[in-house]
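Asks: Mind docking chain B on chain A? Use the hints.
Chains as they are written, first to last, in my numbering: chain A, 72 to 212; chain B, 72 to 212.
In short, the hints are calculated from the structure, not lab data.
Here a beta-carbon is modelled for each residue, glycine too, at the ideal position from N, C-alpha and C.
A few of these clues could be false.
To be verified - Calculated Cβ distances over 12 Å to all of chain A for the following chain B residues: (1) R117; (2) G147; (3) I171; (4) S182; (5) E187.
Said to hold, decoys possible - No farther apart than 25 Å at their CA atoms in a straight line, the calculated lysine-lysine pairs in the DSS-like style are these: (6) A:K195 x B:K122; (7) A:K190 x B:K128; (8) A:K190 x B:K122; (9) A:K88 x B:K190; (10) A:K190 x B:K190; (11) A:K195 x B:K195; (12) B:K94 x A:K122; (13) B:K195 x A:K90; (14) B:K105 x B:K138; (15) B:K190 x A:K105; (16) A:K190 x B:K83; (17) A:K90 x B:K94; (18) A:K153 x B:K195; (19) A:K128 x A:K88; (20) A:K153 x A:K195; (21) B:K138 x B:K83.
As the list claims (entries may be wrong) - Below, a sample of chain B positions facing chain A; criterion: calculated Cβ distance under 10 Å: (22) M81; (23) K83; (24) V109.
Number of protein chains: 2
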Amino acid sequence: MRLLVKRISMEKFDINKVKLDEKGLMAAIAQDEKTGDVLMIAWMNREALEKTLATRKAHYWSRSRQKLWFKGEESGNVQEVKNIYIDCDNDAILMKVNQIGGAACHTGYKSCFFTEIQKDGALKNVGGEKLFDPEKVYKKK
Amino acid sequence: MRLLVKRISMEKFDINKVKLDEKGLMAAIAQDEKTGDVLMIAWMNREALEKTLATRKAHYWSRSRQKLWFKGEESGNVQEVKNIYIDCDNDAILMKVNQIGGAACHTGYKSCFFTEIQKDGALKNVGGEKLFDPEKVYKKK
Numbered sequence: 072m073r074l075l076v077k078r079i080s081m082e083k084f085d086i087n088k089v090k091l092d093e094k095g096l097m098a099a100i101a102q103d104e105k106t107g108d109v110l111m112i113a114w115m116n117r118e119a120l121e122k123t124l125a126t127r128k129a130h131y132w133s134r135s136r137q138k139l140w141f142k143g144e145e146s147g148n149v150q151e152v153k154n155i156y157i158d159c160d161n162d163a164i165l166m167k168v169n170q171i172g173g174a175a176c177h178t179g180y181k182s183c184f185f186t187e188i189q190k191d192g193a194l195k196n197v198g199g200e201k202l203f204d205p206e207k208v209y210k211k212k
Numbered sequence: 072m073r074l075l076v077k078r079i080s081m082e083k084f085d086i087n088k089v090k091l092d093e094k095g096l097m098a099a100i101a102q103d104e105k106t107g108d109v110l111m112i113a114w115m116n117r118e119a120l121e122k123t124l125a126t127r128k129a130h131y132w133s134r135s136r137q138k139l140w141f142k143g144e145e146s147g148n149v150q151e152v153k154n155i156y157i158d159c160d161n162d163a164i165l166m167k168v169n170q171i172g173g174a175a176c177h178t179g180y181k182s183c184f185f186t187e188i189q190k191d192g193a194l195k196n197v198g199g200e201k202l203f204d205p206e207k208v209y210k211k212k
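The following block holds chain A by itself, in its conformation from the complex (with noise of 0.2 Å):
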């Protein structure tokens, strides 16, 4: 008689093996899962990948603010994670999303990437359309 054995043979992520640096963070790419559009980098401390993972809507460590920064909380444009990835040395991530409101960046555009820099040293701005008016969205206090 043979013994059925129910085989567990995917390995669970573990977030005590990511590798933080110094300061406790790891850099985090958002992607535009429909487009392919690279949107922003931040960057994420334990926490704030805790509550990505928990709520599968981007959290990063606002690095300027010093403080947990939940993306669209005050501009409602908030990052909804379709799917995270984390890179072959456990020290970055990678996450497709559905930007609400279309732009990732604080001025307006889709992208934060949105200058080329060409061949010549020339900077061109290749952002299009700017999405919102950030003096609307980020009122002054």
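Replies: For chain B alone, kept in the frame of chain A given last:
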């Protein structure tokens, strides 16, 4: 009589305006120019960025080896830079590249982001076929 003035309206890239971190580094993302796949993230110092711009081949700063890293120098899997962008904060680079050999990752996979963290926490290899055998490409010395 009106003076004819040639207007130089396009701003030039100024490497002195790039914001490097306290280690003199900035994040650099390589994206497949054809498929839009995010291939890898690595780091550039000023010299790596200068060499990338001058040669249109990706150069990074290897944090583990603490030296300039001409990607593909050993494996032949050079990244030909088709487009290069700097982000809104002047502290991150995005490159659209033609990845010679097809694989950017040292493991042989196309992308370093070949491990998906699924909703239930299971890790899934989504790397597809390995495009080279690391044992053969990176010969033991």
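Asks: Each hint needs a verdict: does it hold in this structure or not?
Replies: Against the structure, the hints:
| no. | hint | verdict |
| --- | --- | --- |
| 1 | R117 | 14 Å, holds |
| 2 | G147 | 19 Å, holds |
| 3 | I171 | 19 Å, holds |
| 4 | S182 | 8 Å, violated |
| 5 | E187 | 5 Å, violated |
| 6 | A:K195 x B:K122 | 20 Å, holds |
| 7 | A:K190 x B:K128 | 12 Å, holds |
| 8 | A:K190 x B:K122 | 13 Å, holds |
| 9 | A:K88 x B:K190 | 18 Å, holds |
| 10 | A:K190 x B:K190 | 42 Å, violated |
| 11 | A:K195 x B:K195 | 39 Å, violated |
| 12 | B:K94 x A:K122 | 29 Å, violated |
| 13 | B:K195 x A:K90 | 19 Å, holds |
| 14 | B:K105 x B:K138 | 30 Å, violated |
| 15 | B:K190 x A:K105 | 19 Å, holds |
| 16 | A:K190 x B:K83 | 11 Å, holds |
| 17 | A:K90 x B:K94 | 18 Å, holds |
| 18 | A:K153 x B:K195 | 15 Å, holds |
| 19 | A:K128 x A:K88 | 22 Å, holds |
| 20 | A:K153 x A:K195 | 31 Å, violated |
| 21 | B:K138 x B:K83 | 28 Å, violated |
| 22 | M81 | 4 Å, holds |
| 23 | K83 | 5 Å, holds |
| 24 | V109 | 5 Å, holds |
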